[in-house]
Amino acid sequence: MSGVNIKAIQEQAEQEINSVNSLQALEALRVKYLGRKGIVVELTGLIPSLPIEERKIFGQQFNALKNKLTDLFAGKEKGLAEIKISEGNARVDIGLPGIVQDLGRLHPLTQVIEEICDILTRLGFSVVEGPEIETEYNNFTGLNIPLEHPSRDVFDTFYLKLSDPDCRTRNLLLRSQTSPMQVRMMKAHKPPLAVAAPGKVYRPDAVDASHSFMFHQIEGFMVDRDIKFSDLKGVLELLAKAIFGQGIKMRFRPHFFPFTEPSAEIDISCIICQGKGCSVCSRKGWLEILGSGMIHPNVFRNVGYDPKKYTGFAFGLGIERIAMLKFGIDDIRLFFENDLRFLSQF
Amino acid sequence: MQVTYNWLKDFVEINIAPEELAEKLTMAGLEVTSLKPAGEDWVFEIEVTSNRPDWLSVVGIAREVSAITGKKLAQRKFKPVVYTRKQSGELSIDVQDKKDCPLYTAKIIRGIRVSFAPDWLRQRLELVGCRSINSIVDITNYVLFEYGEPLHAFDLGRLEGKNIIVRRAKDGEKIITIDGQSQVLGPNILVIADKNRVVAVAGIMGGQDTEVSYSTKDILLEAAVFDPLIIRRARQKLGMQSESAYRFERGINPQIVEEASQRARELIEEIGGGKCVIAQGQGILKAKKLNISLELKRVEKILGKSISLGRIKGILGYLGFKVAPKRKNILGVSIPVHRQDVAREEDLIEEIARILGYDEIPTTLPAIKPQITIDKTRSLITLVKNILVGLGLNEVVTYSLISRELSAKLNPGKEGEIEILNPLSKEQEVLRTALASGLLDCVSRNLNHKQDYINIFEVAKVFAKNNNHSKEGFNLAIALCGIKPRLFKQGLVKDEVGILHLKGLVETVLSRVGIKHYCFKQEDNAESVGVYINKERIGLLLEVGRGNLEKFEIKNRKVVVAELSLERLLAEAGTQKKFVPLPLYPGITRDISLLINEKTVIEEMILAVQEKGKPWLREVRVTDYYRGKQIPLGFKGLTISCFYRSDERTLTETEIHPLHAALVAVLEERFGVKIR
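Protein chains in written order, with the working numbering: chain E, -5 to 340; chain F, 415 to 1090.
The set of hints was computed from the structure by calculation and includes no laboratory data. Some clues are possibly wrong.
As the list claims (entries may be wrong) - Under the rule of at most 20 Å between Cα atoms (straight-line distance), these lysine to any residue pairs were calculated in the SDA-like manner:
hint	chain 1	residue 1	chain 2	residue 2
1	E	LYS270	F	ASP909
2	E	LYS194	E	ARG178
3	F	LYS879	E	SER157
With the sequences and hints as input, model every part of the structure.
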């Protein structure tokens, strides 16, 4: 009776071992038969109930079963391991998503600022940042902007309910341009100077598709004994082509800024219509991208430089405008809404 | 400013097509923003920069055309009119303050017939966007566009008393202007008055009462110069706009006043058929004469191109400057009255470059030995941003100016906010003292767009008032919300954000910028964790409470926020990296699996182990953490991995055993853990 039992167990086990095809399943099966509470071990529990003469035979059969199964498991395990090594790669379905840490993104404005600062750094400029709260002197007076200039109006500059420690009668303000960095840097350092100053600026403009009360600029300037208008043209041509591509055409147009003389506005051929005329360039074929000029002698006097000894150029550009042109964005508000569907495109 | 091709031709010969002229004007600094054909004529729309009020006239633009094309500007000649003083009491002019009105002239023209202006005149006015009224008003407007001098004609019969008073308005004085608007005036507003009442807001608009109509027989023609500032302030205060104010605000060439007035008189006599009987004026006609020396070497030094003496003389001559040689290669340049903007050598150099064309100036690269200054803050901020992007976060940029309401959402009753004196709207009342509110706003908006996992950060300035001084510094804020689904080989893992995610991000940032001594401490309110560097609190990690989330209209979501002062973090940052020789001998790892009381602070336990394990214990890490069926209530399961290594030899089991046993003993005795 017991012999039949053992044989049946062996046949059952052999069949199950054969049909297994993973190491995990094989291990589970091993536990089922040979584990501490496995089927084989349980058989030993039968021994006390057997007549003495049968016990010996049962013991032999039991040992044979145990050895047989141990061999079968070992053989199967070896077989499975070999399959795994030879066919391992084929077993991954490469159609499944890759396993990776997601990469985030820098804001498109940061990307443009960094790109421009990188170009300027390679041209020898040092990149520095200044405060956003400024004095009226640095934002206007030092830059040769007269006391009654309209840009000083409360319509064009945010003033703070806080007075300037150096001039109690004047309120501090939020810088309306990055140009005050010219005054700060020149007051603190002697030429030669080549500085790029990116940062936030503020103006009380009603928000719409092309206006924002907070935006970003980069101010760049270079001062030494022998800096010429032709150098300004050379540097800005390199910069514009590095940003917008070697294929663009450029023009330098006379303009007026209180802190430069001569002054120039720089246009590039419209990158949307290649100069044919479209809605982005108001049918002009040209896009204004930055304002520039030779630093005004009065600015040099204000910072304590001798205008007969030093010359220099300065330029300022609006980051949002450059980013909008580069990426084809038509609404400035998108930059500050921070919709992840927007941010994830850059 | 609008001007027509044919009108310019009245003053200068033009042999180039309108399109070419537009291009040349643009490249000389008079940007033509549109050019439109209009019958036989062409209309140029020109953007006039604020330094060139002389361009607000046909004559002024014609002078530029003359310089660009090298053709002479035509001069008009008028029959002289003799000015009289208080003639038989018929007219007296009383200017109360010469500062407000440096020059006032009036002509009385009698016996006119007011009708329609002739077609040629009306057409030109309409082309430049000015509506035709009647012959007299049209003539004054025509001359305004032609010479840039605003004129005004009063109906003499409706002026009370034959005197004109230029004075400040009295408080509450009223006028109905010709646009039909009723205006209440005050002492900051300059007016023209007759004996009894205000008849015009000086330099801005005339009154309806004394307006020239078809029944007008005699007129008083005003040509004056008013203080630009008082005109600007009055216009802003009254909310008015006019071509006249536009020009007065930018400054009038006093020398053109008489010419413009004569031109108008001539046209009125010709078209309206009257006769000028009295001309009277008060004030100074003379403007300061300025002479500037121009050195040829300086021109080259600034522009980077040498320009011949003849070329310079030609350009400046056409623009109306008088040029005489002073010494060798130095010119004496006398500045005409219409060019108040030119005050120094550089201004003349710009004129030369502008007319020559910036295209003529070569392109060079500067030879400069710049000092390399490294903005340490900026470099570290770039590093921090890149680390966070690498960890999967998205950078946002939000407004620094926020509403008081938004500012108070997370920090009610907070003091030290800097207020804006002149906010445009409620959204710009204060400068933010923290970034977290702006980020929660972003989270809320993105949730509305059905984003279910949001991970953002911002690096920006925060502002505060301290003893009436302003302070600004960079903060870093991180906000996480939602469940990140991660698909691994064994299947989907739903990873809900929590404080530990923030801890991981902040720790990575801190260690990568070289800060060693930092720690996190649970704060009393249980919602927040303080972040400390060298015992100084530099920020916090926070699970935003439900009440606060509701203020941002975030419901049923878990949001965690971190905010740190970058200024304080960067002050501690050590960017200097130093090589430590690689270990010569291998180390051994021993794990301890244990059960500890829920309330035990893991950090304290680790510190105690580290202390005890000296000098061979190099690293202690929590490598597993579990709660669940096998763990009794009130306990948590941990695995701590200890790494032992000596710099002198390979450690053996027997050496490590007593030390490891001592660690286990510390855990059991001091922290009551049960070893599993």
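Now the hints, each set against the structure:
{"no.": "1", "hint": "LYS270(E) - ASP909(F)", "result": "53 Å, violated"}
{"no.": "2", "hint": "LYS194(E) - ARG178(E)", "result": "16 Å, holds"}
{"no.": "3", "hint": "LYS879(F) - SER157(E)", "result": "11 Å, holds"}
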